[in-house]
Amino acid sequence: MGATMWPESDFWTIYRQLFSLVFLSNLAIFIFVLIHDRSIVRVADAAAANFLACGLARQPLIVNSFFITLCSIPKSLPLWLRRIAANIYHYGGVHSGCGIASLLWYVGLVALMTRNFCLAATHSVASIISLILCYLILVLLLTIIGVAYPAFRVRYHNAFELTHRYLTWAVVALFLTLLIVFARARSPQTQGDFLLHLPAFWCVCISALAIIQPWTRLRAIPIRAESLSSHALRLHLPGTTHFGKVITLSRHPLRDWHSFATFPDPPSSSTSPSPSFSVVVSRAGDWTADLLAHPPIKLYTRGTKTYGFTRVMRLFHRIILVATGSGIGPCLAFLEDARRPAIRLIWQTRAPLKTYGAEVLALVHRLDPSPVIVDTDKCGRVDMVPLVHDLEREVRSEMVCVISNQRETERVVWCLCREGIAAVGPLFDS
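So the number in this note's numbering is just where the residue sits in the sequence shown, counting from 1, plus 7.
Heads up, some of the hints might be wrong.
[Unchecked claim] Derived lysine to aspartate or glutamate pairs resembling DMTMM-like cross-links, with alpha carbons at most 25 Å apart:
1. LYS361 with ASP375
2. LYS82 with GLU343
3. LYS82 with ASP375
[As the list claims (entries may be wrong)] Label pairs and their calculated CB-CB ranges:
4. CYS212 with CYS386: 52 to 62 Å
5. ILE218 with LYS305: 16 to 26 Å
6. ARG45 with ALA128: 16 to 26 Å
7. ASP384 with ILE69: 40 to 50 Å
8. TRP87 with ASP384: 36 to 46 Å
9. GLU401 with LEU145: 52 to 62 Å
10. ILE304 with ALA118: 51 to 61 Å
11. ALA345 with ILE47: 50 to 60 Å
Derived from the structure by calculation, the hints contain no laboratory data. Here a beta-carbon is modelled for each residue, glycine too, at the ideal position from N, C-alpha and C.
Could you build the full structure based on these sequences and the hints that come with them?
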């Protein structure tokens, strides 16, 4: 599901609205082109353009530019407009919509090239290679989209991540090869000029650059691991961070990557005169369990830190933060932001002092001097929705921000939205 601020339906989220807008627009144009044109070049251009848009929708520099632009609008604007702008974090709907649309256009390209091949009296080596590449790319695209299906992605996340990454790289390389071979078959005497005037060629080249750019900043960084408990680990990293930013970390750069919300270290907590920031890791899978069992002294990161959905909270005057467990990590990022709204916090976790330590508890009280902390070791798990209602009557918040596991996030967000309280939560779409 993700999150929504309109309670009409738990299906028709902003994410799915963006997906539908992108895909249905492409579908209408696709039908028009097949009826009136059937130009292989035009269909190839459309497939490559959607593939490019799909990639750029996840490219860190592009994502950050969107967040910077929309999250900088003044708080004096009407609340309804600021709530619309806050939906920027649903950009994944554009990514998936363009991904499916690129497959649609590519199927059309394969069909047209197959028809032309079957109707041709003779076949050059270039035309045979083109058709083979066409079907090979189609198989890879179907695999990429198949493993991205939510049920598979959640259950086999590592397989999804590796397949998505490496097959995408292969598609870009093979698509570029296909265009070069196609240009040779189409205009053997002016192959270079044909490519330079082919929009699909430039779309694929830009897609390649968008993929390569984050990897040019691949680096190992020293880590100071602070064991908070058997359930949680705090990692101190060198450098600075900004409110709402997320860092991707990995033990092995060519394997799985994991994203964590960052928050600045107070000067008193650092053993080095240089600035540092932290992430909180809790036991939530094989990778994090291994991290807790064998705290690292270095990890890899790549690209630039990207803005996460909590960045949109700076659009509001008063907010309520609702967190469970290590979801407190993203909440602590608010401490660094001079433009942060007035914050009230509800945090449900087991043995907060024992699990996260006195320093994290001190940061929590800096964020909200009177936080509502539910210790599940003492009173068990409680329904967060009534707690939000009680606090909402007191503060009249403009937005409720829920950070928990997927099921609890979706449940709390939906219950609040259904009762007319604007609420958002992270999207579990990657």
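*List, from low to high, the hint numbers that the structure doesn't satisfy.*
none
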